[in-house]
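> Protein sequence lines, in the order shown, are assigned to chains H, U, Y, V, P and Z. For the first sequence, my numbering assigns the number 60 to the initial residue and increments by one for each residue that follows. For the second sequence, my numbering assigns the number 60 to the initial residue and increments by one for each residue that follows. For the third sequence, my numbering assigns the number 60 to the initial residue and increments by one for each residue that follows. For the fourth sequence, my numbering assigns the number 60 to the initial residue and increments by one for each residue that follows. For the fifth sequence, my numbering assigns the number 60 to the initial residue and increments by one for each residue that follows. For the sixth sequence, my numbering assigns the number 60 to the initial residue and increments by one for each residue that follows.
Fair warning: there could be bad hints in the mix.
A pair counts as met if it fits within one copy or between any two copies, since identical chains are not told apart.
What the hints assert, rightly or not - EDC-like, lysine to aspartate or glutamate: derived pairs with alpha carbons at most 16 angstroms apart:
no. : residue 1 : residue 2
1   : K168      : E115
2   : K259      : D276
3   : K205      : D252
4   : K219      : D252
5   : K251      : E218
6   : K251      : E292
7   : K219      : D83
8   : K219      : E262
9   : K295      : D276
Just so you know, these hints were derived from the structure itself, not from any lab. Just so it is clear, the structure is predicted and the values come from calculations on it, not from any experiment.
Number of protein chains: 6
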Amino acid sequence: MASGASGAELANIVNEAALRAVRDGRACATQADMEESIEVVIAGYQKKNAILTNKEKQIVAYHEIGHALVAAKQTNSAPVTKITIIPRTSGALGYTMQVDDGNHYLMSKEEIENKIATLTGGRAAEEVIFGSVTTGASNDIEQATKLARAMITQYGMSEKFDMVAMETVTNQYLGGDTSLACSAETQAQIDKDVVDLVKKQHEKAAQILIENREKLDELAQYLYQKETITGEEFMKILNDEQKIYLE
Amino acid sequence: MASGASGAELANIVNEAALRAVRDGRACATQADMEESIEVVIAGYQKKNAILTNKEKQIVAYHEIGHALVAAKQTNSAPVTKITIIPRTSGALGYTMQVDDGNHYLMSKEEIENKIATLTGGRAAEEVIFGSVTTGASNDIEQATKLARAMITQYGMSEKFDMVAMETVTNQYLGGDTSLACSAETQAQIDKDVVDLVKKQHEKAAQILIENREKLDELAQYLYQKETITGEEFMKILNDEQKIYLE
Amino acid sequence: MASGASGAELANIVNEAALRAVRDGRACATQADMEESIEVVIAGYQKKNAILTNKEKQIVAYHEIGHALVAAKQTNSAPVTKITIIPRTSGALGYTMQVDDGNHYLMSKEEIENKIATLTGGRAAEEVIFGSVTTGASNDIEQATKLARAMITQYGMSEKFDMVAMETVTNQYLGGDTSLACSAETQAQIDKDVVDLVKKQHEKAAQILIENREKLDELAQYLYQKETITGEEFMKILNDEQKIYLE
Amino acid sequence: MASGASGAELANIVNEAALRAVRDGRACATQADMEESIEVVIAGYQKKNAILTNKEKQIVAYHEIGHALVAAKQTNSAPVTKITIIPRTSGALGYTMQVDDGNHYLMSKEEIENKIATLTGGRAAEEVIFGSVTTGASNDIEQATKLARAMITQYGMSEKFDMVAMETVTNQYLGGDTSLACSAETQAQIDKDVVDLVKKQHEKAAQILIENREKLDELAQYLYQKETITGEEFMKILNDEQKIYLE
Amino acid sequence: MASGASGAELANIVNEAALRAVRDGRACATQADMEESIEVVIAGYQKKNAILTNKEKQIVAYHEIGHALVAAKQTNSAPVTKITIIPRTSGALGYTMQVDDGNHYLMSKEEIENKIATLTGGRAAEEVIFGSVTTGASNDIEQATKLARAMITQYGMSEKFDMVAMETVTNQYLGGDTSLACSAETQAQIDKDVVDLVKKQHEKAAQILIENREKLDELAQYLYQKETITGEEFMKILNDEQKIYLE
Amino acid sequence: MASGASGAELANIVNEAALRAVRDGRACATQADMEESIEVVIAGYQKKNAILTNKEKQIVAYHEIGHALVAAKQTNSAPVTKITIIPRTSGALGYTMQVDDGNHYLMSKEEIENKIATLTGGRAAEEVIFGSVTTGASNDIEQATKLARAMITQYGMSEKFDMVAMETVTNQYLGGDTSLACSAETQAQIDKDVVDLVKKQHEKAAQILIENREKLDELAQYLYQKETITGEEFMKILNDEQKIYLE
C-alpha cells in the first residue's frame, strides 16, 4: 500500500506523461498518460518477467483487498481509485492508489488511527483467510510504526506524555533542526505504547474483515482474475450493485 | 503560534518592506509595508492555493483563539496585535502576532509557566470544542517542551535539581561551548518532571477556556468569518465593548 | 551452506562461463560452463592446496548432509542440486547448492522457520554424530540470526511486538533510509525472542537427524567418498532407490 | 557574576586601554583606561539602548548584592572592587568585579564550597526578597554545577569516590587528552552528589541573606540608585561606616 | 605467546630472509635465514640493550614454560618448535613458536578451550611459583578474552545463546560487513559467561602446573640458562629422556 | 609527582642540554646541563613570577614530602633523586624526580599498588597535617585512577574478572587497534573495584604518614626552607644521619 507524492515525484510524473505522449506520436499528454505515469513514478514500471505462483497471487489479492476493505468500512466511501496485483519494478507485488478526501492540512487522532488500521488490513486479510502471515506486510509495518510513534512522540496524542515532544523533531516554521532526546525509561514506555496502539488497530482491522468475510472473498477473487480494478468497481461489488461472474 | 524574531529575520523584514514599496512605486516604506513584511519573514507569503475544508478552518479558528484567550486571561491585557487564519507558505495554518510587554531581559518561573499554558491553549480549545485533537499542535508541543525542559535543566526552576545545570549549555559570557552530561536516571527524572510541568499548564489552559466558553465561541466565529482580526478587536469583544454580527 | 545470488553475481556468473568457453576454444558457453561458473562466483575457485585432515573431512561431510537432510524432511522434495566438500577459495569447506522452488516473492513465517531449521542442520549433525561442535557453523549462525531477528523486528512475526517495526529499515518504495530505534528494554526482549526462536528450530533439526540417523550416516559416508554428489543421487539414497557400495 | 581573565583576554584589555587613550588624544593609558577596558573585554560595552523595567532593575540590584553579601560574610573582607547594574553587550544585566586574594595556585575544598555559595547568592536574594526566581541565574547555575562536578569527579573531594577520577580529564603535564569514562550507575551517583553539594551551599547563602536582610535591602537600594558602586562603598555600608541617603 | 602469521607477514618473512642472505654474500636463503626472519617479522629484532633483572628473567622463563607445559599436557605432543627469553623490539620479553598440528580448517569447542588454557598457562606459572602476578600476561589476557568472547558470540558455543550470533561479524562469503548489535542485558550475560569460561581454563592450567611442578622448575631453569631451547629439547626433558646439568 | 620520559622527551632533553652549553659558551654539555634540561622538558622552566602564599608553599612542601615518604617506607630505599617546590611553567607547583630501580619490564601487582599508595601520599599528607584537601592532587588522582583501572581491565589483577580484558586495548604484537567493549553492569563493577583499590592504598599511605609524623614535619620544613633537596639529603634526614637546623 502506497500513499501521497513528494514535489520531486510530481515533477517526474509530469515528465513521464510527456515522454509517453511523445513516444506515441501525440501532441499532448492525455489523462491516461498521466495515470500510467503516476504509477510508474510511485511504484515503478510493470515487471513483465515477475511470475508469481498462484498461491502468491492469491495472497497478494487478499492482501490488497484487505487494505481497501478496512479503509472503506471506516470511511463509508471508496478508499481507492485503483487496485492492482501486477508486480512493479519497485518490488511492490500489488498496489493500491488512494483517494484523497481533500483534508490535507490537519489530521485528527481518529484519522491517524484509521490509517493505521487500514495499513494492518493487508496482513489481517492473510491471517483471516490463510491462518498464516508472510513477509509481504513489511512495508505496511514500517509505515504503521512511524505513524504510531509520531502520535506519541510528536503529536501529543498519548495520555502519558501529554503535550510533550519526546524525540528529534525538525522545526517546521524556522527551518532549523531541533533535537529533543529522552531517557531510556521513556523510550521503553514509548515502545510499549506504540505496540499497544498498533495492536488495537490491527484487531479492529481483523474484526472488520471477519464481519465482511464474504465481500473479502468476492473482491479478492475478482481482483485475482482481473489483476487491476477501479475504485468504482470495488464500490459496486461492495454495495452489491455489480454481480461478478468469475471465469 | 509564533513569537520573536532573530537578527537575520529583522534584516529580512526591512528588506522585504523596501522591496514592497519599490514594487508599488513609492519612495519610502510605510508602516503597512513593515507589517506585511514582518508576516512574510516570520510565516511566509500568503498561500493563495491552500484550500482548507470548512471543518479545518473552524478548527484553526478555535485553535488560534485558544492561544489568545488563555494568554489574555493570564495577563489581563491584549496578548496579541493580530490573529489570522490565512495559511502561509511556511506551513502555518494560522498565525498570532504577540504583543511584547517590554520585559525582555528576565523571565520569572511564573511567566514561563504562563507561556507554556498559552502554547497549550490551541490544543485545549480543540479538546473543549471538538472533543478531539489534531496534528495542528505539533509546533506548540515542541515549543512548550523546550521551555519546560529549559526550566528544569538550565534555569534551576525545579525543586529536585536545585541550582544544578543538567544538560548541554553554551556559556553566554565567554562564547565557548560547554557540555554537561547527566546520567540515564537523571534523564528519566527530567522527562517525568517535564511531563508533569506541561500537563499542569495544559489543565490550567483548558480550565480557562471552559470558564470562558462563550467568549471562545464568539471570538472563534468572528475570526472564522473575518479571517484576520486585530488585537483591539479581540479585546473589545472579550470585554463586551464590541457587538459582533456574524454573517 | 549458501543460497541465492545478487544481480552483480549473476552478471559475473555469465561472464565467467563465457571466459571458460573461450579458454577451452569453444564457440559458446555450455550448461557445464554455467554450472561451474556459478560455483566460482558464489563460493570461489576450488582450493587445490587445502588439505583437510580425515577428521575434518568427516565433519564437513556430516555437516553438509545435515543441512540437506533437514531441508528434505521438511519439504518432502530434493532440497539441493549439488552437495560438495571440496574446499573453495571463499573459505567454505563444503558447499550446498539450493533448489529454488519458484516461490520468490513472499515468504511465510513457517517457511522462514524451516529455513532456520535447515541452517542449524549442519551443526546439529555434528552434535548428533560427534557429540561436539566446531567453528564450522559460524556462517550458518550468522544467517539464522539475521532471519530470526528480521522475523521479530521487520516482518511483524512475533506475538509481542505485533505489526511494529523495531529496528532500522530501508524503505523499499521510496529509496530513502529510515531508522526506527527502540529502547534498551525492547532490545533485551528481542534478544530473548531471537534465541528462543532459533533454539526451537535447532531442536527440530536435531530431532529430524536423530530420527533419520541411518540415512545421515549413509549419505555422509557417500559424500565423504565421492566429495561431490547431485540432488538426484541424494534423493535416490534417501528414498532407498539407490544402493551404495562404499569403497 | 564573572571572575578571572584568560591570557587572550589580558592582551585585549591592554589593547583596548591603549585605543581608548589614543581616541582621547592622550599619550599614555591611565588607570581609568585600564579599568574601563577590563570591563569591556570581560563583559562587553555598555548597552546604551537596553532599557530594563524598574522591576527588572530591582531584581538585578538585589541579585548582584546577593552575590557580594554572601561572599563578604564568608571571607570577612570586601569580596569585590566594583558592582554595576548597567547592562553590557555580552548580555550580562549586572556585573561584579572580584577581588583576587592572592591565592591563585591551590583551592581547598572549603574555598570551592564558598565560591559555590557565592554563585548561588544572586538567586537566593531573589527568593528572599521576591519569593520568586528568574532566568537571570542561568550562568551562575552553570558555573556552580561545573565547580561541584569537578570537586567530585576530578579533585577527589567526595567521600564516595575517594581519589578516583570519574570523567574526562586533560593531562596537565604531558599535554595529551585522557578520557576516563564511568558507568551509568556511577553517573547517577555523581548527579545526586552534585545536587546535594549545590543545594547545601544554596541553603547556606539563603541563610546568610536572611540574617543580613537589612543590609541586603540597604545595599540593593543604594546600587539601584547609583547603578555602579565600588568595593569600598560596599564595605562602608556593610560596616555601618557610611550613612546612605536614598534619593 | 604468539601464533600464526598473516599473508602480509608471510611476504615480509620471505623478504627478510632474502635480505639476510644478501647481507651475508650468499646466493640463496637457507632454512636458518627463514627461521630467523620468521622471528623478526612476528616478534621484531633481538633487543640487545634490554637488560632484564635476574628476577624478571626468572619470571619470564617460568611464564614461557607455563604456556608450553600446559599445551603439552593437553595435546600429549610437542606444543612448540622454539622457546626463547631474549627480549624482542616488539616489546615481547619471551617468545614461543607454536607447532601447527595440521588442523587448520575447523576448531572444536574443546580445542579452543585448550588454547585458552594454554594462554593462561604463563600467568598460572607465575602464580604457582611466585605467588604473585605481573603485567607480563596482558597480551595473553587479550587473546584469551577474544577467543572466549568469539565462542559465545560468534561460534554458538554457549548453551544460553544457542546458535545465535550476538555481536558484529564480517560475512566470510560475500565480503560485506554485517553488524548485529545486542541489548545491554545480553552484553552483561556475555561478560559473565566470558569470565566463567576463562576462569575455568585458568584453573585447569594451574592444576596442570601444580601436578607437574617438578618439570616446570626443571624446564624453567633450563630455559633461564640457555635462553633459547628447541621443541625437541623441551620434549626430551619433559619425558625424562634428557638429563640436564644446570651450570 | 611525575615519572618516566617518552622517546620524544628524551630527544628534547638532549637538545635542551646542548643549547644550554652553547648559551654558556661551553664546548660540551655537562651532567648539570643534562639535569637541568631533564626538569625543563618534563616540568617546564622555573616560573620566576609565580609567587605562592606561605600557606600554599607549606601545603606544597608537605604534599611532595608525602609522596617521597610513602614511597621510601614501602621500598626501604631512596625513592627520589630530587624534590623541589619551585613552581614550573607546566603548572606543577612542586616536583619529585623518581629513582629508577632498574625493573623496567614487568610490574607486579604489589608494585603497582605501592605506586598508587605513593601517588595518594601527597593528598594524604595534606589531610594528616591540615585536615583539609586542595585541588593540588588532581594530577595524582588521574594517574592513580589509570593505574587502578588498568589493573582491573587489562592486567587481570582483579579476582572478579580473572584473566579477562574488559576495555579497549592496543595489541602490542601486531600493531592494530583492538576494542573490547563491556556491558554497563560490568562497567559499574569496574568503577566500584577501582574506588576500593585506590581507597585501600590511600588509607595505607595515610597510616604510613601518621606513623612517621615527626619525620614528615621535619622533612617538609626542611624542603620549605631549602626549596630543593636531593635524594641523599632526604634519606639522611629520614635515617637521622643529618641534623637539620632550621633558620
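> Would you mind marking each hint as holding or not holding in the structure?
Quick rundown of the hints versus the structure:
Only between protomers do K168 and E115 lie at most 16 angstroms apart by alpha-carbon distance; the minimum there is 14 angstroms, versus 35 angstroms within a single protomer. Taking the shortest Cα distances, K259 and D276 never come within 16 angstroms of each other, neither inside one copy (24 angstroms) nor across copies (35 angstroms). Taking the closest pair of Cα atoms, K205 and D252 come within 16 angstroms of each other only inside a single copy of the chain (13 angstroms); across copies the shortest separation is 23 angstroms, beyond that limit. For a Cα distance limit of 16 angstroms, the shortest separation of K219 from D252 qualifies both inside one copy, at 9 angstroms, and across copies, at 12 angstroms.
For the identical chains of this complex, K251 and E218 are neighbours both inside a copy (13 angstroms) and across copies (13 angstroms), given an alpha-carbon limit of 16 angstroms. Neither within a single protomer nor between protomers do K251 and E292 lie at most 16 angstroms apart by alpha-carbon distance, with minima of 40 angstroms and 47 angstroms respectively. Taking the shortest alpha-carbon separations for K219 and D83, neither the intra-copy value of 59 angstroms nor the inter-copy value of 53 angstroms comes in at or below 16 angstroms. Proximity of K219 and E262 under a CA criterion of 16 angstroms is satisfied inter-copy only: 14 angstroms between copies versus 22 angstroms inside one chain copy.
When the C-alpha separation of K295 and D276 is checked against a cutoff of 16 angstroms, the pair qualifies only within one copy, where the shortest distance is 15 angstroms, while the shortest distance between copies is 42 angstroms.
Going through the hint list in order, the structure does not satisfy hints 2, 6, 7.
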